[in-house]
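> Given only the sequences and the hints, what does the whole structure look like? Please build it.
In order, the protein sequence lines correspond to chains A and B. Counting the first sequence from 1 gives a position; my numbering is that position plus 252. Counting the second sequence from 1 gives a position; my numbering is that position plus 23.
If you're looking for bench data, these hints aren't it; they were derived computationally from the structure. Treat the hints loosely; a few may be bogus.
Claimed, not checked - Here are the simulated DSS-like pairs of lysine-lysine, each with C-alpha atoms no more than 30 angstroms apart in a straight line:
{"hint": "1", "chain 1": "B", "residue 1": "Lys51", "chain 2": "A", "residue 2": "Lys547"}
{"hint": "2", "chain 1": "A", "residue 1": "Lys482", "chain 2": "A", "residue 2": "Lys541"}
{"hint": "3", "chain 1": "A", "residue 1": "Lys541", "chain 2": "B", "residue 2": "Lys186"}
{"hint": "4", "chain 1": "A", "residue 1": "Lys585", "chain 2": "B", "residue 2": "Lys186"}
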Amino acid sequence: MADNGKPKTELLDQLETGPWPSFVTEIKKAREGSPVCDDLLGQLELSYQEKKGHWKHGGIVGVLGYGGGVIGRYSDIPEQFPNVAHFHTIRVNQPSGWFYTSDAIRTLCDIWERHGSGLTNMHGSTGDIIFLGTRTNELEPTFKELTEAGFDLGGSGSSMRTPSCCLGQARCEWACYDSMKLCYDLTMAYQDELHRPPFPYKFKIKCAACPNDCVASIARADLSIIGTWKDDIQQDDAAVAAYAAGGLNIQKDVCDRCPTRCMDWDGATLTINNRECVRCMHCINAMPKALAPGKERGATILIGSKAPIVQGALLSSVLIPFIPADELLETVKELIGRVWEFWDEYGKNRERIGELIQRVGMANFLDAIGLDPAPEMISAPRDNPYVFFQTKSESNGN
Amino acid sequence: MASQPIKPKRITDIGPPNYENFLHPVIKSNYGQWKYHETLAPGVLCHVAESGARIYSVRAASPRLLSIQTLRLFASLADKYCGGYLRFTSRNNVEFLLDNPDNIEPLKKELAAEGFPVGGTNNSISNIVHTQGWVHCHSSATDASGLVKSVMDALYEDFVQEKLPAKLRIAVACCLNMCGAVHCSDIAILGIHRKPPQIRHDLLPKVCEVPTLISSCPTGAIRPATVGGKQSVEVIEEQCMYCGNCYTVCPAMPMNDPDNDGISIWVGGKVSNARTAPKFTKLAIPYLPNNPPRWPEVVQAVANIVDVYAKNAKRFERLGEWIERVGWPKFFELTGIPFTRYHIDDFKFAGLTYARSTHIRF
Ligand code: HEM
Ligand code: HEM
Ligand code: SF4
Ligand code: SF4
Ligand code: SF4
Ligand code: SF4
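Listed below in structure tokens is the structure:
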């Protein structure tokens with residue numbers, strides 16, 4: 253201990269210098285009202301000295317009637333740091349697009365000041381508001397105050413995870429559907445799946461309203477809903493000319509970077525062959541005042557992405573090439589129902605849907621959920637000859 | 024306010040608050056009606072609606088781990104300059120939403136005075152997406168927050184300016200569970216364990232259920248064994264990929280190992296569909312030592328990759344797109360990173376990453 257009764261943090265103190273905001277400073281700020289932060293700093297300093305973590309798992313904790321939303325965490329040296337003997341995380345479901353009023357922020361702060369460490373993550377990688385560190389007996393009181401203030405818990409374990417979304421139509425001209433509303437509606441529709449783990453493993457839904465995919469849905473969601481359009485890119489020729497006059501090299505920086513080379517620039521007019529455009533967004537990103545997604549908007553549904561555990565990382569792949577924006581909610585809910593039914597029946601413990609599809613094959617999966625195969629689902633047809641032809645009865649007479 | 028029920032009932036399954044309650048009036052009245060946007064300065068965006076209305080966004084860095092004291096500071100800045108409306112981004116930045124452009128400069132000044140730099144838009148390096156590390160997770164091979172702080176201190180200029188050829192996005196995960204999904208970033212910093220769990224045979228029978236422990240292993244690497252007459256387990260070393268699942272269910276299987284844990288660096292992934300398809304990151308540096316509090320080897324390695332990329336890529340080319348154009352041999356040559364046997368895949372379908380043509384750049 254240093255003279256002031258605070259733990260010595262010589263290594264961590266070095267992370268308070270430099271221009272980037274410091275998490276160490278944040279932990280020190282929070283200790284005003286919260287002695288647990290002293291023990292957190294003390295244990296963290298030890299981790300920095302020894303180059304190893306000092307947390308352990310150990311027992312599932314939660315609030316009554318919920319099977320997720322709390323990550324149990326215990327110190328492995330509680331004698332030394334009794335105030336972080338329990339240091340559980342509470343995942344609080346974020347509002348769509350992570351929008352807040354200052355009052356909502358203060359409400360959350362006041363609750364967390366009364367019941368926990370005063371430390372948060374804004375936000376966790378799942379999208380939730382993270383309340384970082386409290387004791388088991390504080391979970392129920394925190395939950396009570398949260399729900400009274402209109403907040404609820406997010407998912408963890410083998411439950412559906414809190415869906416998340418980009419800010420879409422709230423502030424982005426490229427949004428091809430209302431991602432914030434879809435995210436909210438799906439979250440409300442699946443409260444039971446979110447709070448009471450029903451699955452072999454986690455299930456994540458992310459809604460990005462255009463192919464820029466600002467929420468990384470193609471990499472981190474079991475079901476990725478990515479906005480796109482079917483008709484022609486909206487084009488303002490005068491604005492294109494203004495970009496050219498302003499120094500943008502349209503040939504080199506726009507046309508030559510188009511993945512399908514479907515754009516033509518003769519020095520005065522830009523011509524897009526919209527039937528060959530793959531809706532990649534590059535030209536629109538480069539000239540936001542001149543080009544915009546078309547008017548016939550909707551989304552592509554992709555399935556199956558995940559981080560490497562267990563069989564290796566996957567990116568989501570196309571399941572439904574296009575659903576019009578106003579049909580998204582109903583179609584997605586219906587699709588999710590069929591996917592979950594299949595997963596429930598055939599998924600092994602801890603097998604994500606993407607891995608299950610790898611194991612049984614995409615074609616069998618399509619049969620099971622009743623979707624017809626389409627060439628948009630593949631980058632190329634198979635290049636091996638090991639085709640197993642179906643018997644008549646299996647193939648429904650096709 | 025809803026009317027009070029007679030008997031206080033436990034509230035459950037209400038879901039998150041409806042976002043509509045939190046939207047700035049300008050956003051609410053122009054929802055879905057945005058026409059275009061411009062960048063007024065790094066970190067300052069102006070979105071213009073069909074109606075001609077404008078909303079200004081000021082984006083500032085945050086360490087993600089935030090005290091309620093700082094959150095209250097953000098709330099009072101939002102009250103002072105933007106009617107109380109703020110949001111957070113998918114990369115953990117905080118954004119203030121203003122309808123009066125005269126408030127931009129005073130807000131930026133106050134943020135700077137409080138130590139929260141403004142930037143992270145367009146061709147900059149935005150905030151680093153990261154995970155919990157030693158601050159909160161049991162399977163971490165390194166600390167995430169400390170790495171982020173060290174790397175962003177070094178790359179600070181690229182946060183507050185937009186001078187790179189394209190956007191550059193970095194992620195940190197503290198073990199290969201990759202909670203932060205680092206597998207699609209331009210540069211990924213990944214904590215790694217390199218040894219299977221140690222088995223505390225003395226403790227194991229007392230604190231763990233052997234069947235649960237065996238079934239926790241995703242690769243089936245754990246087998247029952249009798250050690251010193253007591254029931255315990257053994258780990259088939261070749262089958263273990265250091266995920267720490269066993270430690271999650273059984274504290275007698277610790278993974279953390281200061282001498283062998285460390286960091287690997289991955290490059291060239293992307294999420295967006297712009298130009299080229301989304302892609303995974305690929306291994307650049309298999310192992311660097313864990314060197315807290317400032318991780319100089321990691322900082323130097325990342326800064327070097329950014330530097331080489333910035334000097335060589337063409338406009339609009341993401342790191343992975345540049346490498347695809349010039350080829351991996353050139354990447355290793357220009358960065359001076361040694362190419363080793365570990366760079367060659369030997370997991371399932373490994374052949375997909377072998378060179379299967381004579382397209383070689385000499
Ligand atoms: C089976 C292997 C895995 C284990 C044992 C595991 C364990 C954990 C633990 C213990 C945490 C809580 C960290 C904390 O707050 O203390 C966590 C967080 C998280 N996990 Fe995993 N995880 C696994 C796989 C994954 C995978 C494959 C993904 C992504 C597809 C993932 C996504 C997340 C996310 C997004 C968080 C929140 C992290 C943050 O915001 O810092 N996890 N995981
Ligand atoms: C200039 C107009 C754009 C707007 C208004 C916009 C909107 C946003 C917002 C609000 C975020 C979260 C910001 C942050 O986390 O710091 C974000 C992140 C992101 N944006 Fe955009 N975006 C734009 C352009 C693009 C472009 C051109 C691309 C792709 C080339 C893109 C791909 C991404 C990705 C990959 C992320 C990070 C997702 C993550 O890993 O969390 N965005 N964008
Ligand atoms: S994903 Fe597309 S629509 Fe959504 S915020 Fe990003 S750029 Fe805008
Ligand atoms: S959106 Fe992409 S594919 Fe389509 S025209 Fe523009 S650059 Fe080409
Ligand atoms: S990446 Fe690994 S160590 Fe880090 S929070 Fe996730 S499970 Fe824990
Ligand atoms: S670390 Fe993972 S792979 Fe290795 S033995 Fe434990 S559970 Fe199995």
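> Hint by hint, say whether it matches the structure.
Checked hints:
no.	hint	verdict
1	B:Lys51 / A:Lys547	holds, 21 angstroms
2	A:Lys482 / A:Lys541	holds, 20 angstroms
3	A:Lys541 / B:Lys186	holds, 21 angstroms
4	A:Lys585 / B:Lys186	violated, 43 angstroms
Hint check: a violation occurs at hint 4 only; the rest are consistent with the structure.
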